[in-house]
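Student: Given chain A's structure and the hints, the job is docking chain B with the ligands onto it.
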Amino acid sequence: MDEEDNNLYHDKVVIRLIQFSIIWAVLAMTVGVYISAELIWPSIDFGQFWLSFGRLRPLHTNGIIFGFAVSALMATGFYSVQRTSHAPLYAPRLAWFCCYAWQLTVLLGGLSLLAGWTTSKEYAELEWPFDIVIAVVWVCFGIVFFGTIANRKIKPIYISNWFYGALIIVIAMLHIVNSLAIPVTIGKSYSVYAGAQDAVVQWWYGHNAVGFLLTGGFLGMMYYFLPKHAGRPIWSYRLSVVAFWAFTYSYIWAGPHHLHYSAVPEWVLSLAMIMSVILLAPSWASMINGIMTVSSASEKLKTDPALKFIVLSLAFYGLATFEGPMMSFPSVNVVSHFTDWTIGHVHSGALGWNAMITYGTFYFMVPRLVGVELYSLRLANIHFWMALAGTMLYIIAMWGAGVSQGLLWLSVDEIGELSFSFKDIMSSMTPYYALRLIAGIIFLGGTLLMGYNLFMTLAGKHALKVYAPAVSPAFGVSS
Amino acid sequence: MSALSLHKKIEENTGLLIFGILLVSSIGGLVQILPVLNQQSLQIATENTRVYSAVELTGRDIYIREGCSVCHSQQVRPLIAEVERYGPYSRAGEFVYDRPFLWGSKRTGPDLHRVGGKFSNDWHRVHLIDPRSVIAASIMPAYPWLAKREASQVGNITAKLSALRILGHPYSDEDIAAADSELEGLKEIDALIAYLQMLGTGLSEDISI
Ligand code: HEM
Ligand code: HEM
Chain A
26 MDEEDNNLYH DKVVIRLIQF SIIWAVLAMT VGVYISAELI WPSIDFGQFW LSFGRLRPLH
86 TNGIIFGFAV SALMATGFYS VQRTSHAPLY APRLAWFCCY AWQLTVLLGG LSLLAGWTTS
146 KEYAELEWPF DIVIAVVWVC FGIVFFGTIA NRKIKPIYIS NWFYGALIIV IAMLHIVNSL
206 AIPVTIGKSY SVYAGAQDAV VQWWYGHNAV GFLLTGGFLG MMYYFLPKHA GRPIWSYRLS
266 VVAFWAFTYS YIWAGPHHLH YSAVPEWVLS LAMIMSVILL APSWASMING IMTVSSASEK
326 LKTDPALKFI VLSLAFYGLA TFEGPMMSFP SVNVVSHFTD WTIGHVHSGA LGWNAMITYG
386 TFYFMVPRLV GVELYSLRLA NIHFWMALAG TMLYIIAMWG AGVSQGLLWL SVDEIGELSF
446 SFKDIMSSMT PYYALRLIAG IIFLGGTLLM GYNLFMTLAG KHALKVYAPA VSPAFGVSS
Chain B
14 MSALSLHKKI EENTGLLIFG ILLVSSIGGL VQILPVLNQQ SLQIATENTR VYSAVELTGR
74 DIYIREGCSV CHSQQVRPLI AEVERYGPYS RAGEFVYDRP FLWGSKRTGP DLHRVGGKFS
134 NDWHRVHLID PRSVIAASIM PAYPWLAKRE ASQVGNITAK LSALRILGHP YSDEDIAAAD
194 SELEGLKEID ALIAYLQMLG TGLSEDISI
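Chains as they are written, first to last, in our numbering: chain A, 26 to 504; chain B, 14 to 222.
Calculated from the structure, these hints are not laboratory results.
Predicted model, so just to flag it, every value in this text is computed and none were measured.
Backbone N, C-alpha and C fix where the C-beta goes; we use that ideal spot for every residue, glycine too.
Be aware that one or more of the hints could be misleading.
[Claimed, not checked] Have a look at the derived ranges for each label pair, beta carbon to beta carbon:
id: 1; chain 1: A; residue 1: 417; chain 2: B; residue 2: 198; range: 51 to 57 Å
id: 2; chain 1: B; residue 1: 134; chain 2: A; residue 2: 168; range: 53 to 59 Å
id: 3; chain 1: B; residue 1: 48; chain 2: A; residue 2: 201; range: 15 to 21 Å
id: 4; chain 1: A; residue 1: 295; chain 2: B; residue 2: 132; range: 35 to 41 Å
id: 5; chain 1: B; residue 1: 52; chain 2: A; residue 2: 356; range: 25 to 31 Å
id: 6; chain 1: A; residue 1: 175; chain 2: B; residue 2: 48; range: 32 to 38 Å
id: 7; chain 1: A; residue 1: 309; chain 2: B; residue 2: 54; range: 36 to 42 Å
id: 8; chain 1: B; residue 1: 158; chain 2: A; residue 2: 323; range: 55 to 61 Å
id: 9; chain 1: B; residue 1: 48; chain 2: A; residue 2: 355; range: 18 to 24 Å
id: 10; chain 1: A; residue 1: 356; chain 2: B; residue 2: 97; range: 37 to 43 Å
id: 11; chain 1: A; residue 1: 116; chain 2: B; residue 2: 54; range: 48 to 54 Å
id: 12; chain 1: B; residue 1: 48; chain 2: A; residue 2: 168; range: 29 to 35 Å
id: 13; chain 1: A; residue 1: 295; chain 2: B; residue 2: 161; range: 45 to 51 Å
[Claimed, not checked] Interface residues of chain B toward chain A, partial, derived using beta-carbon atoms under 7 Å:
id: 14; residue: 27
id: 15; residue: 41
id: 16; residue: 50
id: 17; residue: 51
id: 18; residue: 80
id: 19; residue: 82
id: 20; residue: 88
id: 21; residue: 94
id: 22; residue: 123
id: 23; residue: 152
id: 24; residue: 157
id: 25; residue: 169
Chain A extracted, bound-state conformation (with noise of 0.2 Å):
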């Protein structure tokens, strides 16, 4: 495999981890869809266990994160290690096992959700021989990853692999800490902490998971691409290490607003609301650096989709993290926890944030990797704008069922007494959901767009090479 490579670095492990991310999306993205449906119709599962609710949805949430998000993380970090060190991958043999090993993983492990194997642990469902190799597999990335960059030929080590690193390094951290458990057969085992503690524990995984995973990891993506995309050095260097070390520090405190009004202890979740309100001062720097880096090449952001999905994506970040630390006041959180509003608050980084930064990043990519145009610009114009409408579709939705769940289960009469019973109020979710659903499917039918624009590129530099070099790409693929 290594020999094809291009001869300076090892970009066909990056290929195959772009597919399979690809892969990963158009499933997990279907499962989401699948559950909003079900919420509508409770009864499309047909009675059939593996198509319940309770285990499908989990599914959605390992499939996303896990196969989509790690994917690409893994794809774009190898690609830009490599680029940033001007070294190739230090052992791209075990690059490969990360590759092949975590897309197994993500398989069986999905199937094991299906089959009722569940720690019911947000983000950390899968049982413990799961987590044993999970912590092999990342282990492995960590080897690959700081390696390359040891063998860097240029001194500083840029600022994405940072990120990266961090990512690489606090998820590690988190996931033995929290994955603690005494197994008692090969799909159950019970956790070392109990009630209480175990909620902060939990918590303090889950958030953080979140944090380093789908902020951190992300940004990295950003620091890369969106500079060499803009073709424009990132517009303060100093600001993004602030940003970097204020990040890292204060993420790991912010846990506990999950668990506003609970018996977690007080001093404890009065904390956890001031760091995740300092947090948005270096969210925010991040994203004010991304978008002065671009703003001198405005030129180029209109006709460029790549590049709109990647500015766009940072105006979702500065939403999401703008809502996050308002969501950590206990007076908001009162509202909005167990709420729909939640999900909402989810999605506008989930969908809006981590996908579309991600889809950005893939159009960018894929081309260069192969030497070849994008198949179709126009199709790719027609995804972002799917994308957008799809995003902001499903997040009015769930602010308008979460908004009125949380007013209404609280709403009470002059003399005490409960204004709503919950079932009225379950049954008034129904168009949101409806809404919801039409949501997902616009958004998953811009992901279908671009697997088949991005196969087509990928294809037509196959045909390119097994033909003559001078036929052009669009020869290629039609003959």
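Tutor: Using the frame of chain A, we list chain B with the ligands on its own:
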């Protein structure tokens, strides 16, 4: 100036960068999380809180397996409306035997922490097998298979109780020896209902909020 030159060093040294990240990211955990793990008061059971029986534990593991917790919280907040709707708010001491905790993060369905004793066993049976036969507009999934499968097949109950004993749950040798026979003849749905019926019964009776 010296901060900058220190940073220049980190910026150019892989080992230092790794160390720096590890150091900076673990402070929060050490100062905020570790003390919680050492806090004894979070490990003291409330008056009526006891370990799960073999049947209840099996029911709880079914609850986990089916993902009931993605739609149901088990955490009543200390708010007028919640106490009114569900019952007394949740205390830390009620969860000391919960591995893992099942507080949840989303209420697609109502909170279940105080559901114990709220409905009859028969109500639960009908509702679990077909929720829409009880509440026409319900969006809860149906669980017909629970009525068919044997409770004794939900993992190795003896091994489970022994594992929990290692973690400090006070099961006696007799409890463990009797576990298998307690499950005999029960369906999964019976175990799950036994679990639901004991939920939230760990507070002494004179607490009303
Ligand atoms: C400064 C940044 C952020 C802060 C302070 C923050 C804060 C919060 C808060 C307070 C909640 C609600 C917890 C609850 O009531 O249960 C939440 C939930 C969540 N947030 Fe954020 N958020 C931030 C950024 C993000 C971003 C960028 C993402 C990216 C996808 C994200 C993903 C999530 C997820 C997945 C949940 C749901 C967790 C669950 O209940 O399962 N957050 N966040
Ligand atoms: C086609 C697009 C998508 C659709 C239709 C969709 C749908 C859903 C649905 C219906 C839920 C369950 C909500 C509930 O329990 O009420 C959910 C949860 C979740 N989704 Fe998605 N999703 C999509 C894309 C994504 C993406 C791209 C990501 C991440 C990058 C993501 C991350 C999550 C997470 C983390 C949760 C759990 C939230 C929580 O526990 O608070 N989803 N999604």
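Student: Could you run down the list of hints and mark each one as holding or not?
Tutor: Hint check results:
1. A C-beta distance of roughly 55 Å is found between residue 417/A and residue 198/B, which places it inside the suggested range of 51 to 57 Å.
2. Here the CB-CB span from residue 134/B to residue 168/A is close to 55 Å, well matched to the stated 53 to 59 Å.
3. In this structure the hint that residue 48/B and residue 201/A lie 15 to 21 Å apart at CB holds, the actual value being about 20 Å.
4. Range check, residue 295/A to residue 132/B: about 38 Å between beta-carbon atoms, so the 35 to 41 Å window is met.
5. Distance hint check for residue 52/B and residue 356/A: the Cβ-Cβ separation is about 26 Å, which falls inside the suggested range of 25 to 31 Å.
6. At roughly 37 Å, the beta-carbon separation of residue 175/A and residue 48/B lies within the given 32 to 38 Å, and the hint holds.
7. Between residue 309/A and residue 54/B, the C-beta spacing of about 38 Å keeps the proposed range 36 to 42 Å intact.
8. Between residue 158/B and residue 323/A the CB atoms are about 58 Å apart, so this pair conforms to the stated range of 55 to 61 Å.
9. Between residue 48/B and residue 355/A the beta carbons are some 21 Å apart, a value that agrees with the proposed interval 18 to 24 Å.
10. Taking the beta carbon of each, residue 356/A and residue 97/B are about 20 Å apart, not inside 37 to 43 Å as hinted.
11. A hinted range of 48 to 54 Å holds for the C-beta pair residue 116/A and residue 54/B, which are about 49 Å apart.
12. At roughly 34 Å, the beta carbons of residue 48/B and residue 168/A sit within the given window of 29 to 35 Å.
13. Range check, residue 295/A to residue 161/B: Cβ separation about 49 Å, and the 45 to 51 Å hint holds.
14. For residue 27/B, the shortest C-beta to C-beta distance to chain A is roughly 5 Å, which falls under 7 Å, so the interface hint holds.
15. Here the hint on residue 41/B is kept, as its CB sits about 3 Å from the closest CB of chain A, short of 7 Å.
16. Among the interface hints, the one on residue 50/B holds; its C-beta lies about 6 Å from the nearest C-beta in chain A, closer than the 7 Å criterion.
17. At about 9 Å, the closest approach between the beta carbon of residue 51/B and any beta carbon in chain A exceeds 7 Å, and the interface hint on this residue is violated.
18. Residue-level restraint check for residue 80/B holds (minimum Cβ-Cβ distance to chain A is 2 Å; threshold 7 Å).
19. Using the Cβ-Cβ criterion of 7 Å, the hint placing residue 82/B at the interface with chain A is satisfied: the shortest such distance is roughly 5 Å.
20. Below 7 Å, beta-carbon pairs count as interface contacts, and residue 88/B has one with chain A at about 6 Å; its hint therefore holds.
21. Given the 7 Å rule on beta carbons, the hint for residue 94/B holds: about 5 Å separates it from the nearest Cβ of chain A.
22. The restraint placing residue 123/B at the interface with chain A holds, with a minimum CB-CB distance near 5 Å, inside the 7 Å limit.
23. Checking residue 152/B against chain A by beta carbon gives a least distance of about 5 Å; that is within 7 Å, so the hint holds.
24. The beta carbon of residue 157/B comes within 5 Å of a beta carbon in chain A, closer than 7 Å, and the hint placing it at the interface holds.
25. Taken as an interface hint, residue 169/B checks out: its beta carbon lies about 6 Å from the nearest beta carbon of chain A, inside 7 Å.
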